[in-house]
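Enquirer: Going down the list, the protein sequences come from chains A and B. Quick note, the first sequence lines up with residues 1 to 227 if you use the numbering used here. Quick note, the second sequence lines up with residues 1 to 167 if you use the numbering used here.
Read the hints as simulated data drawn from the structure, not as lab findings. Each hint should be verified, as a subset may be incorrect.
Each computed DMTMM-like pair below joins lysine to aspartate or glutamate, with the alpha-carbon atoms no more than 25 Å apart [what the hints assert, rightly or not]:
(1) A:Lys-72 <-> B:Asp-39
(2) B:Lys-28 <-> A:Glu-55
(3) B:Lys-28 <-> A:Glu-66
(4) B:Lys-35 <-> A:Glu-55
(5) A:Lys-44 <-> B:Asp-3
(6) B:Lys-104 <-> B:Glu-89
(7) B:Lys-57 <-> B:Glu-43
(8) B:Lys-135 <-> B:Asp-145
(9) A:Lys-71 <-> B:Asp-39
(10) B:Lys-28 <-> B:Asp-39
(11) A:Lys-126 <-> A:Glu-151
(12) A:Lys-44 <-> A:Glu-20
(13) A:Lys-44 <-> B:Glu-43
(14) A:Lys-154 <-> B:Asp-3
(15) A:Lys-154 <-> A:Glu-55
Covered by chain B, according to a simulated footprint, are these stretches of chain A (three or more residues, beta-carbon under 8 Å) [unchecked claim]:
(16) 48-60
(17) 108-117
(18) 146-158
Every residue, glycine too, gets a C-beta built ideally from N, C-alpha and C.
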Amino acid sequence: MHEIGVREVVQFAGFTFNWETLCMTWLTMAVVLLIAFLATRNLKMVPSGWQNVVEIIVTSLQAQIETTMGKKGLFLAPFIISLFMFLLVSNWLGLFPTLASPTNDLNTTLGLALLVIVMVHTLGLKMKGGHYIAHFFQPTPVFVVINAIEEVAKPITLSFRLFGNILAGEILIIILLKLMPIWMPIPSVIWLAFSIFIGGVQAFIFTMLSMAYFASAVGGADEEEGK
Amino acid sequence: MIDLNMTLVAQILNFLILVALLRAFCYKPVVRLLKARQDRIAESLNKADADAAEADKLLASYKAKLAEANKKAEAIVSRAQAQAEQEHEAKIQETNAQIAQMKKEAAEQIANDRARAVEKLKGEMVALSLAAAGKIIARNLDKDDNAQLIDEFVNELDKDKIGDVSC
Chain A
1 MHEIGVREVV
11 QFAGFTFNWE
21 TLCMTWLTMA
31 VVLLIAFLAT
41 RNLKMVPSGW
51 QNVVEIIVTS
61 LQAQIETTMG
71 KKGLFLAPFI
81 ISLFMFLLVS
91 NWLGLFPTLA
101 SPTNDLNTTL
111 GLALLVIVMV
121 HTLGLKMKGG
131 HYIAHFFQPT
141 PVFVVINAIE
151 EVAKPITLSF
161 RLFGNILAGE
171 ILIIILLKLM
181 PIWMPIPSVI
191 WLAFSIFIGG
201 VQAFIFTMLS
211 MAYFASAVGG
221 ADEEEGK
Chain B
1 MIDLNMTLVA
11 QILNFLILVA
21 LLRAFCYKPV
31 VRLLKARQDR
41 IAESLNKADA
51 DAAEADKLLA
61 SYKAKLAEAN
71 KKAEAIVSRA
81 QAQAEQEHEA
91 KIQETNAQIA
101 QMKKEAAEQI
111 ANDRARAVEK
121 LKGEMVALSL
131 AAAGKIIARN
141 LDKDDNAQLI
151 DEFVNELDKD
161 KIGDVSC
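Bound-form chain A, shown alone (with noise of 0.2 Å):
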């Protein structure tokens, strides 16, 4: 982003794109893929190194799922951490000086947020069939407007959350550049090093709101079948 509010567009097959984002998306993808790549390549039967860090990180994050969701939650797993570490470096690919975030376009956090929310859901829906349509209904019927509210303002939250806090680290990244001469440098590694912060919170967020979620669509059903 060299020039705040403006975005390069591109127009194919009839419909507009941002350009900056989504080279900035595939930039993250490879990122991502390589980190990954390089965490569980040469995965050994007897662990060393990062391989102890990645299995950590596999276990703990399928016991959280499983005391939350049960067994059939289990297939979220690969989702959950694919949205944490894509989000991650997003957040921070935007701190290098020419990169930007493709968080800091509304298009991506939203689109993570409705591909949530569907699924969220869906899953509801499949799992838990009528009793999941009748808890928008609880306690009384009146309620289905309060519970309609919520479920609109989850995805909006969720995107608008992560797009302003990227959004406004980076514009003031540029403003702090450009207010403060070149021998003050102080106030800029500050904001940064608050950024980088931001970032991992941000994506920490993104990613349980998104598990509770799923915890709260897909857990508990088999209490729901058992009654």
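Starting from the structure of chain A, add chain B where the hints point.
Expert: Structure of chain B alone, referenced to chain A:
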């Protein structure tokens, strides 16, 4: 700044592709490895348990065999002891019998010898008597001479007295 367009759909597709790639090339191998290791550990533990049970069984069987062997050895020793004792007893009895036999034979021999000696003596006595008689006849003695000769003869006999032979 907030301009939604087809990028949204593209981003969803991008992310789904990323998920598919990560799942296929990075997540699956890790999970597979974890599963394989879990299986292997379980297998090893089972095998260790089985081996331990087998070892216990083997030990018990060896102990039983050892005890049996001990019992057999004891039986053999006691049997050998009994046999030796028996043989010892038999030997003593045999020796005793031999001694008795020898005693008897010796006694018989002594008796025989004595009998033969008596026989011999008797013969000599007869010869002597004959000689004495011959002498008496040849000299034609009177009564006094006769009596004196018999006395002499009897005294001579007494001089060579033969034990307590009854004759």
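Enquirer: Check each numbered hint against the structure and report the violated ones by number, ascending.
Expert: Violated hints: 5, 12, 15 and 18; rest satisfied.
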